[in-house]
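Can you build the whole structure from these sequences, using the hints too?
Chains P and B, in that order, give the protein sequences. Our numbering applies: residue 7 is where the first sequence begins, and numbers increase by one. Our numbering applies: residue 487 is where the second sequence begins, and numbers increase by one.
Because the hints were derived from the structure by calculation, they are not lab data. Source: prediction; values computed, not measured. C-beta: ideal position from N, C-alpha, C; glycine also. Incorrect hints may have been included.
Stated by the list, open to error - Restricting the straight-line Cα-Cα distance to at most 27 angstroms, the calculated cross-link-like pairs of lysine-lysine (DSS-like) are:
| no. | chain 1 | residue 1 | chain 2 | residue 2 |
| --- | --- | --- | --- | --- |
| 1 | B | LYS526 | P | LYS48 |
| 2 | B | LYS539 | B | LYS526 |
| 3 | P | LYS11 | B | LYS508 |
| 4 | P | LYS64 | B | LYS539 |
| 5 | B | LYS522 | B | LYS508 |
| 6 | B | LYS539 | B | LYS504 |
| 7 | B | LYS539 | P | LYS114 |
| 8 | P | LYS11 | B | LYS504 |
| 9 | B | LYS527 | P | LYS106 |
| 10 | P | LYS21 | B | LYS527 |
| 11 | P | LYS114 | B | LYS524 |
| 12 | B | LYS527 | B | LYS505 |
| 13 | P | LYS106 | B | LYS495 |
| 14 | B | LYS526 | P | LYS106 |
| 15 | B | LYS527 | P | LYS48 |
| 16 | P | LYS74 | P | LYS64 |
| 17 | B | LYS522 | P | LYS114 |
| 18 | P | LYS48 | B | LYS522 |
| 19 | P | LYS118 | P | LYS77 |
| 20 | P | LYS48 | B | LYS508 |
| 21 | B | LYS504 | P | LYS64 |
| 22 | B | LYS508 | P | LYS106 |
| 23 | P | LYS11 | B | LYS526 |
| 24 | P | LYS118 | B | LYS505 |
| 25 | P | LYS77 | B | LYS539 |
| 26 | P | LYS77 | B | LYS508 |
| 27 | P | LYS106 | B | LYS539 |
| 28 | P | LYS106 | P | LYS118 |
| 29 | B | LYS524 | P | LYS74 |
| 30 | B | LYS505 | P | LYS48 |
| 31 | P | LYS114 | P | LYS11 |
| 32 | B | LYS526 | P | LYS118 |
What the hints assert, rightly or not - Okay, the calculated bits of chain P under chain B, using three or more residues with CB under 8 angstroms as the criterion:
| no. | stretch |
| --- | --- |
| 33 | 64-74 |
| 34 | 108-114 |
To be verified - Beyond 12 angstroms from chain B on every Cβ pair, some chain P residues (computed):
| no. | residue |
| --- | --- |
| 35 | VAL10 |
| 36 | GLN15 |
| 37 | LYS21 |
| 38 | GLY89 |
| 39 | ASP90 |
| 40 | SER91 |
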Amino acid sequence: QQQVKQSPQSLIVQKGGISIINCAYENTAFDYFPWYQQFPGKGPALLIAIRPDVSEKKEGRFTISFNKSAKQFSLHIMDSQPGDSATYFCAASPLYNFNKFYFGSGTKLNVKP
Amino acid sequence: DTEVTQTPKHLVMGMTNKKSLKCEQHMGHRAMYWYKQKAKKPPELMFVYSYEKLSINESVPSRFSPECPNSSLLNLHLHALQPEDSALYLCASSQDWDPSGYTFGSGTRLTVV
Chain P
7 QQQVKQSPQS LIVQKGGISI INCAYENTAF DYFPWYQQFP GKGPALLIAI
57 RPDVSEKKEG RFTISFNKSA KQFSLHIMDS QPGDSATYFC AASPLYNFNK
107 FYFGSGTKLN VKP
Chain B
487 DTEVTQTPKH LVMGMTNKKS LKCEQHMGHR AMYWYKQKAK KPPELMFVYS
537 YEKLSINESV PSRFSPECPN SSLLNLHLHA LQPEDSALYL CASSQDWDPS
587 GYTFGSGTRL TVV
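Pasting the structure below:
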């Protein structure tokens with residue numbers, strides 16, 4: 007059973023547009039929600055993460071929105087750039103037992119110039 | 487030094503070969519991980535070492551044998567692999583109390599022929 011469901015599978019956005027990727031989870035023990043960015047041939051790199059005591063976290067052009075009651079969280083990329091073209095994975099884990107991240111299935115983002 | 491270094495970057499091996507993958511970090515992280523990633527899929531956890539002791543084995547076949555010689559090094563010994571074991575093998579490390587420092591290496595692209 008997939009612990010974290012991610013959508014869409016792929017996304018095409020024009021340069022300057024907003025990219026939105028959504029994730030949903032069921033396990034209420036999850037309280038740490040990172041987003042990873044992966045370029046071809048590279049390992050995933052932590053982009054931004056949130057804990058459920060806040061509903062939104064912003065770092066530069068990247069924002070996580072978190073809805074605890076709906077058990078959903080999303081990544082918004084403002085002013086999307088071609089350099090943002092990559093695969094994005096959401097993940098979830100308990101904060102103090104994060105040895106195992108439960109990853110979403112990934113979203114391949116293509117930002118067109 | 488904020489990197490996880492993996493060698494080799496690429497490896498082609500026959501099904502009767504024995505080879506090893508190497509991972510090194512000098513961030514003082516005491517947890518180290520092996521992941522397997524197939525194309526267009528999220529990383530799948532294989533093994534976790536915590537303070538140089540194996541703490542999680544995700545039911546990985548015995549043809550994969552991990553080793554943690556010291557707190558900075560992690561090896562994955564490969565023997566009698568199958569073509570379906572071809573994948574990107576990722577190493578990661580973290581402090582055991584801070585998930586934000588969870589760092590992936592760039593991986594070893596393994597092809598089994």
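Against the structure, the hints:
no.	hint	verdict
1	LYS526/B / LYS48/P	holds, 13 angstroms
2	LYS539/B / LYS526/B	violated, 31 angstroms
3	LYS11/P / LYS508/B	violated, 32 angstroms
4	LYS64/P / LYS539/B	violated, 37 angstroms
5	LYS522/B / LYS508/B	holds, 14 angstroms
6	LYS539/B / LYS504/B	holds, 23 angstroms
7	LYS539/B / LYS114/P	violated, 36 angstroms
8	LYS11/P / LYS504/B	violated, 37 angstroms
9	LYS527/B / LYS106/P	holds, 16 angstroms
10	LYS21/P / LYS527/B	holds, 26 angstroms
11	LYS114/P / LYS524/B	holds, 15 angstroms
12	LYS527/B / LYS505/B	holds, 24 angstroms
13	LYS106/P / LYS495/B	holds, 24 angstroms
14	LYS526/B / LYS106/P	holds, 20 angstroms
15	LYS527/B / LYS48/P	holds, 14 angstroms
16	LYS74/P / LYS64/P	holds, 17 angstroms
17	LYS522/B / LYS114/P	holds, 19 angstroms
18	LYS48/P / LYS522/B	holds, 13 angstroms
19	LYS118/P / LYS77/P	violated, 31 angstroms
20	LYS48/P / LYS508/B	holds, 16 angstroms
21	LYS504/B / LYS64/P	violated, 47 angstroms
22	LYS508/B / LYS106/P	holds, 21 angstroms
23	LYS11/P / LYS526/B	holds, 15 angstroms
24	LYS118/P / LYS505/B	violated, 41 angstroms
25	LYS77/P / LYS539/B	violated, 34 angstroms
26	LYS77/P / LYS508/B	violated, 38 angstroms
27	LYS106/P / LYS539/B	holds, 16 angstroms
28	LYS106/P / LYS118/P	violated, 34 angstroms
29	LYS524/B / LYS74/P	violated, 31 angstroms
30	LYS505/B / LYS48/P	holds, 22 angstroms
31	LYS114/P / LYS11/P	holds, 15 angstroms
32	LYS526/B / LYS118/P	holds, 20 angstroms
33	64-74	violated (count 0)
34	108-114	holds (count 5)
35	VAL10	violated, 9 angstroms
36	GLN15	violated, 9 angstroms
37	LYS21	holds, 24 angstroms
38	GLY89	holds, 18 angstroms
39	ASP90	holds, 18 angstroms
40	SER91	holds, 15 angstroms
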